[in-house]
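Visitor: Sequence:
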Amino acid sequence: MNPYYGRHFVTTEWDRRMPLYLTSVGWTDYQSSIDRQNGFHDYHWLHTIEGSGHFTVNGSTVKLSPNEGLLLKPGVPHSYRPDENGWSTWFLTFDGALAGSIFTALDMPHAQLLRWEADCPLASIHEEYAEKCRYSFDFAGVSGSQEVYTFLSQLKQFGQAGSRPSLSQGRERLTPVYLLIEQAYGDPNLGLDRLAGALHISPQHLNTLFRKSWGVSPYQYLLQFRIQKSKELLIQNRARGVKEIAAAVGFRDYSHFVHTFHKLANMTPQQFRQQYS
135 MNPYYGRHFV TTEWDRRMPL YLTSVGWTDY QSSIDRQNGF HDYHWLHTIE
185 GSGHFTVNGS TVKLSPNEGL LLKPGVPHSY RPDENGWSTW FLTFDGALAG
235 SIFTALDMPH AQLLRWEADC PLASIHEEYA EKCRYSFDFA GVSGSQEVYT
285 FLSQLKQFGQ AGSRPSLSQG RERLTPVYLL IEQAYGDPNL GLDRLAGALH
335 ISPQHLNTLF RKSWGVSPYQ YLLQFRIQKS KELLIQNRAR GVKEIAAAVG
385 FRDYSHFVHT FHKLANMTPQ QFRQQYS
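In terms of our numbering, the sequence shown opens at residue 135 and continues consecutively.
Because the hints were derived from the structure by calculation, they are not lab data. A few of these clues could be false.
Below, computed lysine-lysine pairings styled on DSBU-like, alpha-carbon distance capped at 35 angstroms [what the hints assert, rightly or not]: (1) LYS197 with LYS207; (2) LYS365 with LYS266; (3) LYS377 with LYS397; (4) LYS290 with LYS197; (5) LYS363 with LYS346; (6) LYS377 with LYS266; (7) LYS346 with LYS207; (8) LYS290 with LYS266; (9) LYS365 with LYS377.
Full structure from sequences and hints, please.
Guide: Written out as C-alpha coordinates, the structure reads:
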(Lines of atoms letter the chains of each structure in order from A; the text may use other names.)
(Lines give C-alpha, C1' and ligand atoms only; values in the text may rest on other atoms or scores of the structure.)
Protein backbone atom coordinates (compact mmCIF):
# COMPACT_ATOMS: atom_id res chain seq x y z
CA MET A 135 0.00 0.00 0.00
CA ASN A 136 1.30 3.46 -0.97
CA PRO A 137 2.09 5.24 2.31
CA TYR A 138 2.26 8.72 0.79
CA TYR A 139 -0.60 11.17 1.18
CA GLY A 140 -1.65 14.79 0.93
CA ARG A 141 -4.75 16.24 2.56
CA HIS A 142 -5.96 19.80 2.05
CA PHE A 143 -8.88 20.90 4.20
CA VAL A 144 -11.75 23.25 3.45
CA THR A 145 -12.18 25.39 6.55
CA THR A 146 -15.56 26.69 7.64
CA GLU A 147 -16.26 29.94 9.45
CA TRP A 148 -16.55 27.91 12.66
CA ASP A 149 -13.11 26.33 12.03
CA ARG A 150 -11.60 29.78 11.57
CA ARG A 151 -12.86 30.78 15.01
CA MET A 152 -10.80 28.01 16.60
CA PRO A 153 -7.52 28.97 18.33
CA LEU A 154 -5.75 26.76 15.77
CA TYR A 155 -6.96 24.88 12.70
CA LEU A 156 -5.26 22.56 10.25
CA THR A 157 -5.21 23.54 6.56
CA SER A 158 -3.08 20.76 5.05
CA VAL A 159 -0.83 17.85 5.89
CA GLY A 160 1.12 15.46 3.70
CA TRP A 161 3.99 13.07 3.07
CA THR A 162 5.66 13.66 -0.30
CA ASP A 163 7.82 10.92 -1.81
CA TYR A 164 9.60 13.08 -4.40
CA GLN A 165 9.64 16.70 -3.32
CA SER A 166 9.81 19.11 -6.26
CA SER A 167 11.31 22.58 -6.32
CA ILE A 168 9.13 25.36 -4.90
CA ASP A 169 9.57 29.13 -5.23
CA ARG A 170 7.15 31.32 -3.26
CA GLN A 171 8.09 34.96 -3.75
CA ASN A 172 5.10 36.09 -1.71
CA GLY A 173 5.38 33.34 0.88
CA PHE A 174 2.63 30.92 1.91
CA HIS A 175 -0.73 32.14 3.21
CA ASP A 176 -0.64 29.98 6.39
CA TYR A 177 1.94 28.91 8.97
CA HIS A 178 4.04 26.34 7.13
CA TRP A 179 6.18 23.50 8.46
CA LEU A 180 8.42 21.29 6.27
CA HIS A 181 10.89 18.60 7.31
CA THR A 182 12.96 15.86 5.71
CA ILE A 183 12.13 12.19 6.02
CA GLU A 184 14.70 10.81 3.54
CA GLY A 185 17.29 12.35 1.25
CA SER A 186 17.96 16.06 1.52
CA GLY A 187 17.10 19.43 0.08
CA HIS A 188 18.07 23.07 0.35
CA PHE A 189 15.75 25.69 1.85
CA THR A 190 16.25 29.42 1.24
CA VAL A 191 14.64 32.07 3.47
CA ASN A 192 15.66 35.56 4.62
CA GLY A 193 18.66 35.51 2.28
CA SER A 194 20.16 32.34 3.78
CA THR A 195 20.16 28.77 2.50
CA VAL A 196 20.28 25.73 4.76
CA LYS A 197 20.43 22.03 3.98
CA LEU A 198 17.59 19.93 5.40
CA SER A 199 18.73 16.40 6.16
CA PRO A 200 16.58 13.66 7.78
CA ASN A 201 14.97 14.79 11.06
CA GLU A 202 15.51 18.46 10.26
CA GLY A 203 12.90 21.07 9.39
CA LEU A 204 11.76 24.71 9.35
CA LEU A 205 8.67 26.57 10.53
CA LEU A 206 7.60 29.75 8.72
CA LYS A 207 5.03 32.42 9.48
CA PRO A 208 2.55 33.41 6.75
CA GLY A 209 3.75 35.65 3.95
CA VAL A 210 7.50 35.00 4.30
CA PRO A 211 9.18 34.64 0.86
CA HIS A 212 11.09 31.37 0.51
CA SER A 213 12.10 28.61 -1.87
CA TYR A 214 13.36 25.06 -1.65
CA ARG A 215 14.73 22.41 -3.97
CA PRO A 216 15.69 18.74 -3.76
CA ASP A 217 19.26 17.52 -3.94
CA GLU A 218 20.38 15.11 -6.67
CA ASN A 219 19.56 11.95 -4.69
CA GLY A 220 15.94 12.92 -4.12
CA TRP A 221 14.01 14.33 -1.21
CA SER A 222 11.10 12.88 0.77
CA THR A 223 9.36 15.46 2.98
CA TRP A 224 6.50 15.93 5.43
CA PHE A 225 4.53 19.16 5.65
CA LEU A 226 1.87 20.64 7.89
CA THR A 227 0.16 24.01 7.46
CA PHE A 228 -2.14 25.77 9.90
CA ASP A 229 -3.65 29.03 11.03
CA GLY A 230 -6.09 30.08 13.73
CA ALA A 231 -7.70 32.92 15.63
CA LEU A 232 -4.94 32.67 18.26
CA ALA A 233 -2.17 31.20 16.08
CA GLY A 234 0.05 34.27 16.46
CA SER A 235 -0.44 34.43 20.22
CA ILE A 236 0.24 30.71 20.66
CA PHE A 237 3.29 30.93 18.39
CA THR A 238 4.63 33.75 20.59
CA ALA A 239 3.65 32.12 23.90
CA LEU A 240 5.49 28.92 22.97
CA ASP A 241 8.46 31.00 21.81
CA MET A 242 8.63 29.00 18.59
CA PRO A 243 11.80 29.58 16.51
CA HIS A 244 10.90 31.18 13.18
CA ALA A 245 12.76 30.35 9.97
CA GLN A 246 15.44 28.49 11.91
CA LEU A 247 16.75 25.00 11.28
CA LEU A 248 15.40 22.58 13.89
CA ARG A 249 16.59 19.02 14.40
CA TRP A 250 15.58 16.18 16.70
CA GLU A 251 16.67 12.71 17.77
CA ALA A 252 15.63 9.68 15.72
CA ASP A 253 13.76 8.09 18.64
CA CYS A 254 11.44 11.03 19.42
CA PRO A 255 7.80 11.30 18.21
CA LEU A 256 8.64 13.84 15.50
CA ALA A 257 10.74 11.25 13.70
CA SER A 258 7.67 9.07 13.04
CA ILE A 259 4.94 11.71 12.85
CA HIS A 260 4.55 11.14 9.09
CA GLU A 261 3.60 7.52 9.80
CA GLU A 262 1.21 8.55 12.57
CA TYR A 263 -0.64 10.85 10.20
CA ALA A 264 -0.62 8.20 7.47
CA GLU A 265 -2.70 6.03 9.79
CA LYS A 266 -5.05 8.89 10.60
CA CYS A 267 -5.56 9.72 6.93
CA ARG A 268 -6.10 6.05 6.08
CA TYR A 269 -8.89 5.75 8.63
CA SER A 270 -10.49 9.12 7.80
CA PHE A 271 -9.61 10.81 11.09
CA ASP A 272 -11.69 13.96 11.65
CA PHE A 273 -9.28 16.90 11.32
CA ALA A 274 -12.01 19.55 11.54
CA GLY A 275 -12.97 21.77 14.46
CA VAL A 276 -11.69 20.92 17.92
CA SER A 277 -9.94 17.74 16.73
CA GLY A 278 -7.87 19.65 14.18
CA SER A 279 -7.07 22.37 16.70
CA GLN A 280 -5.79 19.77 19.16
CA GLU A 281 -3.70 18.14 16.43
CA VAL A 282 -1.92 21.41 15.64
CA TYR A 283 -1.31 22.23 19.30
CA THR A 284 0.07 18.73 19.95
CA PHE A 285 2.42 19.09 17.00
CA LEU A 286 3.67 22.51 18.17
CA SER A 287 4.14 21.14 21.70
CA GLN A 288 6.24 18.26 20.37
CA LEU A 289 8.25 20.66 18.26
CA LYS A 290 8.87 22.80 21.33
CA GLN A 291 9.72 19.78 23.47
CA PHE A 292 12.03 17.87 21.13
CA GLY A 293 13.32 20.44 18.65
CA GLN A 294 16.90 21.66 18.81
CA ALA A 295 17.76 24.99 17.21
CA GLY A 296 21.22 24.94 15.67
CA SER A 297 23.78 23.78 18.19
CA ARG A 298 21.63 24.77 21.15
CA PRO A 299 20.25 22.07 23.44
CA SER A 300 16.65 20.93 23.14
CA LEU A 301 14.14 23.74 23.43
CA SER A 302 12.52 21.76 26.22
CA GLN A 303 15.56 21.39 28.41
CA GLY A 304 14.55 22.81 31.75
CA ARG A 305 10.87 22.03 31.15
CA GLU A 306 11.11 18.64 32.86
CA ARG A 307 12.63 20.30 35.89
CA LEU A 308 9.55 22.54 36.03
CA THR A 309 7.15 19.58 36.27
CA PRO A 310 6.43 20.08 40.03
CA VAL A 311 5.40 23.65 39.23
CA TYR A 312 3.05 22.52 36.43
CA LEU A 313 1.47 20.00 38.80
CA LEU A 314 1.02 22.62 41.50
CA ILE A 315 -0.63 25.00 39.05
CA GLU A 316 -2.94 22.22 37.85
CA GLN A 317 -3.95 21.42 41.42
CA ALA A 318 -4.18 24.92 42.89
CA TYR A 319 -4.92 27.35 40.04
CA GLY A 320 -8.26 28.15 41.72
CA ASP A 321 -6.50 29.41 44.86
CA PRO A 322 -6.16 33.21 44.60
CA ASN A 323 -3.24 33.03 47.05
CA LEU A 324 -1.15 30.93 44.65
CA GLY A 325 1.86 33.13 43.90
CA LEU A 326 5.48 33.18 42.90
CA ASP A 327 6.86 32.25 46.31
CA ARG A 328 4.72 29.12 46.54
CA LEU A 329 5.54 28.12 42.95
CA ALA A 330 9.26 28.55 43.59
CA GLY A 331 8.90 26.52 46.78
CA ALA A 332 7.81 23.52 44.71
CA LEU A 333 11.37 23.40 43.36
CA HIS A 334 13.10 24.73 46.48
CA ILE A 335 14.59 27.61 44.51
CA SER A 336 14.29 31.39 44.71
CA PRO A 337 11.49 33.24 42.87
CA GLN A 338 14.16 34.98 40.79
CA HIS A 339 15.61 31.64 39.67
CA LEU A 340 12.14 30.32 38.83
CA ASN A 341 11.48 33.41 36.74
CA THR A 342 14.69 32.78 34.80
CA LEU A 343 13.81 29.13 34.18
CA PHE A 344 10.32 29.98 32.91
CA ARG A 345 11.56 32.69 30.58
CA LYS A 346 14.15 30.32 29.10
CA SER A 347 11.59 27.52 28.64
CA TRP A 348 8.46 29.44 27.69
CA GLY A 349 9.43 33.03 26.98
CA VAL A 350 7.07 34.25 29.72
CA SER A 351 7.23 34.74 33.47
CA PRO A 352 5.68 32.19 35.89
CA TYR A 353 2.92 34.70 36.66
CA GLN A 354 2.09 35.14 32.97
CA TYR A 355 2.05 31.36 32.55
CA LEU A 356 -0.33 31.04 35.51
CA LEU A 357 -2.63 33.72 34.07
CA GLN A 358 -2.70 31.95 30.69
CA PHE A 359 -3.49 28.67 32.42
CA ARG A 360 -6.33 30.25 34.41
CA ILE A 361 -7.82 31.85 31.31
CA GLN A 362 -7.66 28.54 29.45
CA LYS A 363 -9.49 26.85 32.33
CA SER A 364 -12.09 29.62 32.33
CA LYS A 365 -12.71 29.02 28.61
CA GLU A 366 -13.38 25.36 29.33
CA LEU A 367 -15.85 26.27 32.07
CA LEU A 368 -17.58 28.90 29.94
CA ILE A 369 -18.29 26.29 27.28
CA GLN A 370 -18.99 23.29 29.52
CA ASN A 371 -21.45 24.94 31.91
CA ARG A 372 -23.38 27.74 30.24
CA ALA A 373 -25.68 28.22 33.23
CA ARG A 374 -22.77 29.15 35.47
CA GLY A 375 -22.22 32.86 35.95
CA VAL A 376 -19.09 34.49 34.56
CA LYS A 377 -18.25 36.06 37.95
CA GLU A 378 -18.47 32.64 39.57
CA ILE A 379 -16.15 31.19 36.92
CA ALA A 380 -13.67 34.03 37.47
CA ALA A 381 -13.52 33.18 41.17
CA ALA A 382 -13.28 29.45 40.43
CA VAL A 383 -10.11 29.91 38.38
CA GLY A 384 -8.37 32.07 40.98
CA PHE A 385 -9.25 35.69 40.22
CA ARG A 386 -10.14 37.79 43.25
CA ASP A 387 -11.13 40.77 41.16
CA TYR A 388 -13.73 40.32 38.40
CA SER A 389 -12.56 43.34 36.41
CA HIS A 390 -9.01 41.93 36.39
CA PHE A 391 -10.38 38.65 35.02
CA VAL A 392 -12.29 40.41 32.23
CA HIS A 393 -9.26 42.58 31.36
CA THR A 394 -6.91 39.57 31.27
CA PHE A 395 -9.37 37.47 29.28
CA HIS A 396 -9.80 40.22 26.68
CA LYS A 397 -6.04 40.75 26.46
CA LEU A 398 -5.36 37.06 25.77
CA ALA A 399 -8.45 36.16 23.73
CA ASN A 400 -9.24 39.46 22.02
CA MET A 401 -12.83 39.25 23.27
CA THR A 402 -14.76 39.35 26.53
CA PRO A 403 -15.78 36.15 28.37
CA GLN A 404 -19.40 36.80 27.35
CA GLN A 405 -18.42 37.16 23.70
CA PHE A 406 -16.38 33.95 23.88
CA ARG A 407 -19.33 32.05 25.36
CA GLN A 408 -21.68 33.45 22.73
CA GLN A 409 -19.28 32.60 19.93
CA TYR A 410 -19.30 28.93 20.89
CA SER A 411 -23.02 28.75 21.62
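Visitor: Would you check the hint for LYS377 and LYS397, treating anything up to 35 angstroms between C-alpha atoms as holding?
Guide: 17 angstroms, holds
Visitor: Within 35 angstroms, alpha carbon to alpha carbon, are LYS363 and LYS346?
Guide: Answer holds: LYS363 to LYS346 is near 24 angstroms, not above 35 angstroms.
Visitor: Below or equal to 35 angstroms on CA atoms is what counts here, so check LYS346 against LYS207.
Guide: With Cα atoms ~22 angstroms apart, LYS346 and LYS207 stay inside 35 angstroms; holds.
Visitor: Take the C-alpha atoms of LYS365 and LYS377, compute the straight-line distance between them, and say whether it is at most 35 angstroms.
Guide: Between LYS365 and LYS377 the Cα gap is close to 13 angstroms, so the pair holds against 35 angstroms.
Visitor: Next pair to validate is LYS365 with LYS266; report whether the Cα-Cα distance is within 35 angstroms.
Guide: Status holds; Cα separation ~28 angstroms.
Visitor: With the threshold set at 35 angstroms, check whether the alpha-carbon distance from LYS290 to LYS266 stays at or below it.
Guide: Status holds; Cα separation ~22 angstroms.
Visitor: Please work out if LYS377 and LYS266 have their alpha carbons no farther apart than 35 angstroms.
Guide: 41 angstroms, violated
Visitor: Against the 35 angstroms threshold, does the CA-CA distance of LYS197 and LYS207 hold or violate the hint?
Guide: At roughly 19 angstroms apart (the allowed maximum being 35 angstroms), LYS207 and LYS197 satisfy the hint.
Visitor: Take the C-alpha atoms of LYS290 and LYS197, compute the straight-line distance between them, and say whether it is at most 35 angstroms.
Guide: 21 angstroms, holds
Violated hints amount to a single one, hint 6; each of the other numbered hints is respected by the structure.
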